[in-house]
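First to last, the sequence lines map onto chains B and W. Note that my numbering gives residue 8 to position 8 of the first sequence, counting from 1, and the numbers run on in steps of one. Note that my numbering gives residue 73 to position 73 of the second sequence, counting from 1, and the numbers run on in steps of one.
Read the hints as simulated data drawn from the structure, not as lab findings. Please note that a few of the clues may not be correct.
Unchecked claim - Some residues of chain B that are not near chain W, with every Cβ distance over 10 angstroms (derived): (1) Glu15; (2) Ala39; (3) Tyr74; (4) Gly125; (5) Arg127; (6) Ala135; (7) Arg213; (8) Glu222; (9) Glu228.
Stated by the list, open to error - Here are the simulated lysine to aspartate or glutamate pairs, EDC-like style, with alpha carbons at most 16 angstroms apart: (10) Lys60(W) to Glu228(W); (11) Lys244(B) to Glu252(W); (12) Lys244(W) to Glu237(B); (13) Lys60(B) to Glu252(B); (14) Lys56(B) to Glu237(B); (15) Lys217(B) to Glu142(B).
Every residue, glycine too, gets a C-beta built ideally from N, C-alpha and C.
2 protein chains.
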Amino acid sequence: MMKVSKVLHVHPRAESLRIREKLIKHYRLGVVALAGLIAHGRGEAFDYLIGEKTMKSTFKAIKAAASAMLQAKYPVISVNGNTAALVANDLVKLAEVTNAKIEVNLFYRSLERELAIKRILEAAGAREVLGVGEAASAQIPEVCSERRRVDPQGILRADVVLVPLEDGDRTQALRKMGKIVIAIDLNPLSRTAQYASITIIDNVIRALPALVREAEKMRNEETEKLREILSEFNNREVLANAIKHINLRLSELAQKGFHIFEDNETS
Amino acid sequence: MMKVSKVLHVHPRAESLRIREKLIKHYRLGVVALAGLIAHGRGEAFDYLIGEKTMKSTFKAIKAAASAMLQAKYPVISVNGNTAALVANDLVKLAEVTNAKIEVNLFYRSLERELAIKRILEAAGAREVLGVGEAASAQIPEVCSERRRVDPQGILRADVVLVPLEDGDRTQALRKMGKIVIAIDLNPLSRTAQYASITIIDNVIRALPALVREAEKMRNEETEKLREILSEFNNREVLANAIKHINLRLSELAQKGFHIFEDNETS
Numbered sequence: 001m002m003k004v005s006k007v008l009h010v011h012p013r014a015e016s017l018r019i020r021e022k023l024i025k026h027y028r029l030g031v032v033a034l035a036g037l038i039a040h041g042r043g044e045a046f047d048y049l050i051g052e053k054t055m056k057s058t059f060k061a062i063k064a065a066a067s068a069m070l071q072a073k074y075p076v077i078s079v080n081g082n083t084a085a086l087v088a089n090d091l092v093k094l095a096e097v098t099n100a101k102i103e104v105n106l107f108y109r110s111l112e113r114e115l116a117i118k119r120i121l122e123a124a125g126a127r128e129v130l131g132v133g134e135a136a137s138a139q140i141p142e143v144c145s146e147r148r149r150v151d152p153q154g155i156l157r158a159d160v161v162l163v164p165l166e167d168g169d170r171t172q173a174l175r176k177m178g179k180i181v182i183a184i185d186l187n188p189l190s191r192t193a194q195y196a197s198i199t200i201i202d203n204v205i206r207a208l209p210a211l212v213r214e215a216e217k218m219r220n221e222e223t224e225k226l227r228e229i230l231s232e233f234n235n236r237e238v239l240a241n242a243i244k245h246i247n248l249r250l251s252e253l254a255q256k257g258f259h260i261f262e263d264n265e266t267s
Numbered sequence: 001m002m003k004v005s006k007v008l009h010v011h012p013r014a015e016s017l018r019i020r021e022k023l024i025k026h027y028r029l030g031v032v033a034l035a036g037l038i039a040h041g042r043g044e045a046f047d048y049l050i051g052e053k054t055m056k057s058t059f060k061a062i063k064a065a066a067s068a069m070l071q072a073k074y075p076v077i078s079v080n081g082n083t084a085a086l087v088a089n090d091l092v093k094l095a096e097v098t099n100a101k102i103e104v105n106l107f108y109r110s111l112e113r114e115l116a117i118k119r120i121l122e123a124a125g126a127r128e129v130l131g132v133g134e135a136a137s138a139q140i141p142e143v144c145s146e147r148r149r150v151d152p153q154g155i156l157r158a159d160v161v162l163v164p165l166e167d168g169d170r171t172q173a174l175r176k177m178g179k180i181v182i183a184i185d186l187n188p189l190s191r192t193a194q195y196a197s198i199t200i201i202d203n204v205i206r207a208l209p210a211l212v213r214e215a216e217k218m219r220n221e222e223t224e225k226l227r228e229i230l231s232e233f234n235n236r237e238v239l240a241n242a243i244k245h246i247n248l249r250l251s252e253l254a255q256k257g258f259h260i261f262e263d264n265e266t267s
């Protein structure tokens, strides 16, 4: 088997390969689920379509998300295998800046995985990790996967929940419970994206650090100002912009792509 | 861990979950690589965008592909872990109908995986499987992954090569060697899709059975007729159509998606 490092210097999409290797490593460490690798691939495709950089309209969502978390009485960050593998440090920083709790919440739950994720978060500086083992003793209604299990000291009582890389079921259920749900999802058409209160359509690799920066900038703002940012935010606009953006990119890429053939026509 | 079968009846995209489970099973059997799971996820995203059914323009590519394989002097079907896991029976049928050789060709090559894939193909009825172990003694130029290794009795001397789920490097290299390359790739913008002679933009799950049916229908056609089909085929048109199709679907899905909010406005 050839080391990916050997092909990186020649590969046109080296960064994307590095992230892939990181997830594969964390699969072997018991942090990432096999289905998490497939989910990552879906994200890669959408990231490719949006151009692998944060869209302008996404910055609006990030600002609204920071403001929602800073205003929250009890904000909670939900963490799964992929996010722990990719952005553990930023998750912990965000929890500090916004005074949020961190809770492990998995589709494929096993105590080993929960503990592996907890270890990574603690190594990144987390002092408390909710939702591990017996602690996830509560259930949220109408969710049929293991994602229904939540910590009474975490997601259950939260008013604002950040759910990076979420499934649609739970986003809907959390909204029905009256919570503000902030999703990070690269697919603007997914149920998660559509049902969240605030949808950050971006790669977690870029979105989490941006969210930390924004929260740091805004942490001393007055509540009035924070409220204003949130009330002016329009998630439908963000979703619509992302789709327009992809449509435009596809047309551009198509034109660019077809230039390959101009000097070297093939049949 | 919850069995996927339990959520299938309630999940809006059950078929997609079944395929995922099949690939995960074949990862555990040593057939599919971890990177193959991520690659499958990318395919899922594009399949979702094209609407999870074969596009009209794709049928033209399938017809051209069948005609190219039936006309070929030495057609070869290149098989990797994902295709062996998902469509082994159809690969073997296609080889029979078009009188093609079957060769294992992997990005992450190991004798164990090659043998595991060979076993699956043999169980599906293959009498000969090229490219396993020492048999892959030749190299194709300008490919830096393990995919450069080919069988002198297979891809090296082929005039037509079917490469389902390919990487861009090798497609380019095979084209430069003067071969007709038929790719099956869900991403119309990938290098593979762009460099192939004939690009079938479809899920292998649907494309392979369709290709078998088409080859069966055409196997008794006169060479003149087969040549005509191929010479009239325009791959640029197929690629352009796929992108237009996705653009249209995105706009439609966006409109449909946003209807969710009509009765139940959220902020």
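Hints, one by one, checked against the model:
The Cβ of Glu15(B) lies farther than 10 angstroms from every Cβ of chain W, with a closest approach of about 14 angstroms, so its non-interface assignment holds. Listed as outside the interface, Ala39(B) is inconsistent with that label: its C-beta sits roughly 6 angstroms from the nearest C-beta of chain W, within the 10 angstroms cut-off. For Tyr74(B), the condition that its CB be more than 10 angstroms from all CB atoms of chain W holds, with the nearest at approximately 19 angstroms. Annotated as non-interface, Gly125(B) keeps its C-beta farther than 10 angstroms from every C-beta of chain W; the closest such distance is 29 angstroms.
Even its closest Cβ contact with chain W, about 29 angstroms, leaves Arg127(B) beyond 10 angstroms, as expected for a residue assigned away from the interface. Under the 10 angstroms C-beta cut-off, the non-interface status given to Ala135(B) relative to chain W holds; the minimum distance is some 18 angstroms. Chain W leaves Arg213(B) outside its interface by the beta-carbon criterion, the shortest separation being 24 angstroms against a cut-off of 10 angstroms. Residue placement check: Glu222(B) keeps its beta carbon more than 10 angstroms from all beta carbons of chain W (closest about 21 angstroms).
Every CB of chain W lies more than 10 angstroms from the CB of Glu228(B), the least distance being 13 angstroms, so the non-interface label holds. Our distance criterion of 16 angstroms between C-alpha atoms is met by Lys60(W) and Glu228(W), whose separation comes to about 13 angstroms. Between Lys244(B) and Glu252(W), the direct Cα distance comes to roughly 12 angstroms. Compliance with the 16 angstroms bound is thereby established for this hinted pair. Straight-line distance between C-alpha atoms of Lys244(W) and Glu237(B) comes to about 23 angstroms, which puts the hinted pair past the 16 angstroms bound.
Straight-line distance between C-alpha atoms of Lys60(B) and Glu252(B) comes to about 24 angstroms, which puts the hinted pair past the 16 angstroms bound. Simply put, Lys56(B) and Glu237(B) have alpha-carbon atoms about 12 angstroms apart, close enough for the 16 angstroms limit, and the pair holds. With a C-alpha separation of about 37 angstroms, the suggested pairing of Lys217(B) with Glu142(B) is violated against the 16 angstroms cut-off.
Hint compliance for this structure: hints 2, 12, 13, 15 are broken, all remaining hints hold.
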